[in-house]
Amino acid sequence: MPEISETLETPDFIENPVAGIDQSRGDFTYDVDYEFDAGTGLTEQTVRYISSVKKEADWLLEFRLNALKKFQSMPLPTHWATKDLENINFDKIRYYLAQGQKPKRTWDEVPDDIKETFERLGIPEQERKFLAGVEAQFDSEAAYSNIKDIVSKQGVIFANSTEALREHPEIFRKFFGKVIPTGDNKFAALNSAVFSGGSFIYVPPGVKVAQPLQAYFRINAENFGQFERTLIICDEGSEVTYMEGCTAPKFSTSTLHSAVVELVALKGAKIQYITVQNWANNVFNLVTKRGVAHEEAEIKWIDCNIGSRLTMKYPGVVLKGRKARGEVISIALANDGQHQDTGAKMIHAADETTSNVISKSISVGQGRSTYRGLVHIPKHLKGCKNNTECDALLINTNSRTDTYPAITVRGDKNATQHEASVSKVSEDLIFYMQQRGLTEAQAMSLSVNGFINDLASQFPMEYSVELKRLIDLEMEGSVG
Amino acid sequence: MSALPNITLSTGLNSERFAMHLSQRAALPDWWLETKKTAWNQFNALPMPTRNDERWRFSNLKGLDLDGYVLPEEPAVHVPHLPDFEHAAEMTFSNRQVVDRSTLPAELAAKGVIFAPLTEALRDHGDLVRRYFQKYPANLGSEKFVALNTAFTATGAVLFVPKGVEIEKPIVVQHTLAGDHKSAFPHTLVILEDNAKATLVEYFVSASAQEAHLVSGVNDLHAGPGSQLTYVGVQNWSEKTLAFQTNSIAVERDARVLSVNLHLGGQQVRHESHSRMLAPGAHSDMCSLTVAHGKQEFDQRTLQTHAAPHTSSNLLYKNALINQAHTIFSGLIVVDPDAQKTDAYQSNRNLLLSEEASADSLPGLEIQANDVKCTHGATSATIDPEQLYYLKSRGIPAHQSYELLVFGFFESVLDKLIDQNLHDALGNFIQDKFKKL
Amino acid sequence: MSKLEIKDLHIAIGEKKIVRGFSLTLNSGEIHAVMGPNGTGKSTLAKAIAGHPDYSITDGDVLLDGQSILAMEPDERARAGIFLAFQYPSEIPGVSIANFLRAAVQARMGEGEELDATGYYKRLYSKMDSLKIDRKFTSRSVNEGFSGGEKKRCEILQMAMLEPKFALMDETDSGLDIDALRIVSEGVNAMRGENFGALMITHYQRLLDYIVPDYVHVMYDGRIVKSGDKSLALELEAKGYDWVKNELASA
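Residue numbers (the working numbering), protein chains in the order written: chain A, 1 to 480; chain B, 1001 to 1437; chain C, 2001 to 2251.
Bound conformation, chain A alone (with noise of 0.2 Å):
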């Protein structure tokens, strides 16, 4: 399997929006009314630290603890991924952030270009400020309050990892850490050793959630943090779709965002996990997400990656049970000074497993893209399938796109079904397009949008014209 060898080099324009403020000093504008801080680097004090403002029970800060010295020990995985990675400063990342002290800046700060996205995308003025970093709180509590009411009616849990895995241990123990073991990769144990926020949610047997459960009803500053930790478990026939994300670019003034994903679908569950990810472009976005599939099962991931400077996220699923069903939907964007390195991984560990795995992904100007992807059919098993079909777009020729698709398959009684295309908007099609009286614009979002098109439409009505809309504003400019 080929290596990427080059860094990516920081080109000098990418606009920085913390400009002019200086993390290590926190030079933020701060509440009074906090104690403690737990400063920056990561030592086992601040895992403590973090622990103990959370109240967690021994076996979780031994967790951590563990998870700490994983990751302590665990190289950079330098020798397959990008050398970029060589650029995350550890010991100046703030690893834990309570309420208030979240750092704000006034909307006068805010890069005009943010402003302008926000403006063409239509975010309402009350989200923006929170989107830009602005305020530390968005005021939907109603929302989410509603939401949980109607649900837990269904017996469902719909609650943080604190509040989860204290007030309920006896159910999420179970799985926790158990999909993604903390020595995964040396991300997932900085994840397991700090993390903060994020989703945890159970659905008992035979419920079928309706709604859409969504991130964004979770709004503190702790959701929008560096290290969340999600985990659903659907039991046996329960259906849950959940959210995550949003098409508007979101500030941050911390480089890393490492999460842990951790699905669990048991026998008939169908679990459908959807996100959109537009973080800002000086961000390094190393996430694990995998899901376990029980007997006739169902795990899909439909996943869209816009923004952050360094993307790399191989959602996966094991295939455990006998005839269960997985599916990575993916669509990635990379533009100027993006690096999105995508793809899925699918373990077929059961007999007559299907697994699906679609990507497309855009390349423009230096943008770059990698795909990878891994499917496995061990030689023992009978009637599984995959079809893996990545795609790619480029849209001038200084865009580069890599895949390295990886498919073994033994025995004769397993199918797989392997397609990689590689396509160019090229001038001579926008010429083509622009001969029949389309702008140059029009013409862009016109193929560009042909491209995505069946996979935007997996995704819910709000966000693929959100997505459409976003595509086209990054599209814009980027002939010639």
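Derived from the structure by calculation, the hints contain no laboratory data. Each residue gets a CB set at the ideal place from its N, CA and C atoms; glycine is no exception. Where hints are given, some of them may not hold.
Listed below are the simulated BS3-like cross-link pairs for lysine-lysine, each with C-alpha atoms no more than 27 Å apart in a straight line [said to hold, decoys possible]: (1) 2007/C - 424/A; (2) 1163/B - 2239/C; (3) 1392/B - 385/A; (4) 2151/C - 2007/C; (5) 323/A - 1111/B; (6) 2239/C - 2226/C; (7) 1416/B - 2007/C; (8) 1062/B - 1240/B; (9) 2151/C - 1169/B; (10) 115/A - 69/A; (11) 1416/B - 2017/C; (12) 174/A - 379/A; (13) 2226/C - 2017/C; (14) 1111/B - 2136/C; (15) 1163/B - 2245/C; (16) 2007/C - 1111/B; (17) 2226/C - 2007/C; (18) 2226/C - 1416/B; (19) 1163/B - 2151/C; (20) 1295/B - 379/A; (21) 1163/B - 382/A; (22) 2230/C - 1163/B; (23) 148/A - 174/A; (24) 1163/B - 2226/C; (25) 1144/B - 1111/B; (26) 174/A - 267/A; (27) 1169/B - 2230/C; (28) 424/A - 267/A; (29) 1392/B - 382/A; (30) 1111/B - 1163/B; (31) 69/A - 55/A.
Residues from chain C that face chain B, not an exhaustive set, calculated with beta carbons under 8 Å [said to hold, decoys possible]: (32) 2071; (33) 2178; (34) 2210; (35) 2241; (36) 2242; (37) 2245.
Negatives, chain B to chain C, calculated, CB over 10 Å [what the hints assert, rightly or not]: (38) 1106; (39) 1135; (40) 1209.
Chain A is already provided as a structure; the job is to place chains B and C on it using the hints.
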């Protein structure tokens, strides 16, 4: 396999026989005899393929035994019946002689169309044949066997269609071989000038299923600027036949070629096909359908070469395998640095109908231009048990179910034949094979 | 009544000079044919007039109704009434013919004007029917997987829907068999009238049997070297392009 040059075969196809073959043709043009001599020397100089030859990877090299075959001396008495449909003209070869031939319709002859057996064409249109014969030689690994063909070829059709002439109905050629351990070396030459249009259908059949045959056949297809050529080849040699088939397709500016090859017979068959897109607007559609059963081995090697901008090619090879059959597919698309805006597609689909069947698939792309669209895909799948059960539950017996599913699998290729008669004729051939299983 | 004037046009690709002093006036209602050997600049001429970025106009002018179009963007020229039927039309994956044409038709409408969907589809289907394009093609991506003939018919469909003042047809007949040629020609002939003018670029004479031109020009070495009527085309086909070369040499 020995790598010594100067291999002569112990009986049949040896230097004595070659000398006799030449002397029988003394009346033909000198250049032709020289070409044959050169080819014979080349055949002896080239080694048999070895394990190290990448172009023969996965092949059963032991099966490439040329010993013991002779040229047939008498025309076959029995000529197998073949599906009949409306056609513009036909020609039948049996054991290296013309046994049947229809006259070309007067209006086509008046326009300058030539449809003649090789020997006659060499006599009456020698310059034309010389200009196009092996103009684009084979280079996918079978050079030795192509040389053998050039050396011994005596029969084959030459079709020439002049500028602007369109022949709506297909032209049909049949090659039959009869007699145990006989060999045949048919050579087909098709030349279409600017804006011409024609369809050629060729059948290759053994008179008896019990006879062992050796065949090395070659096609030279030339599509001139703006022309449209459809070529259909149906191979149904006996199941004890060792066959080599080499197709060369040259496509000029704005020309379109569709070739469909159906493979049913043979013990071990090596089929090579090379399409060259020579000028802007050229397009080649390469299709192949194979039903492999028993211990048959079908070795398919292809090459799509794009030498000019705005060219396209589309390859679709479908193999259905039963019992312990084996197929090999190795396809390469090569795009030259100046061939911008190339659109090339290659797909090999294998349907495995039994546990012991095996299909090797090596798709490949070599792209030097930077503004191209190329995709390749390979799949291997087994029959969906659900589908099979569904058919059985309607009272359809297993072997017929297989047949139905295989037809479904083959449909996308058969659909490319606009002529419904041709479509049906091929369908009948496939059905016949299933009946015999 | 409109006029397209091409005045002493010089076109280059990078350093290479291709068209050297081409002049022609095209009036509404006229069909002109330009014939010439491959490589003489016929395609370059059409693409440059339409505004293709690869070509630079080093001298001369192109005026549409007295106004120079050389400073206009390709889409502006299109909306002004110039249509180019491409020799090798692009594929637009994921964008259906219906949507593409709708966007193109809409682009020509004024601010705030809305396209009448029913009327649009009615027109589209009737034109598709006469060009023998299956109505199902409306949902197919533009030119994707189309044969050469289908692509050319799709170009004519677009032309019929967009109703340009002047059409530049770049080797619309190449790669077509007689049946397809007939259909495409009928499509173009149906547009003939006092508000439509066309410049047909072709390598072969046979197209002119179906779309009979008012004028035939022979292009050689980047400029027009001979003009006449349809009989000139027949003479050219019979004698070949070498005849022109020799005539020029001896002149």
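Does the structure break any of the earlier hints, and which numbers would those be? 1, 4, 5, 7, 10, 11, 12, 14, 16, 18, 21, 25, 27, 28, 32, 34, 35, 36 and 37
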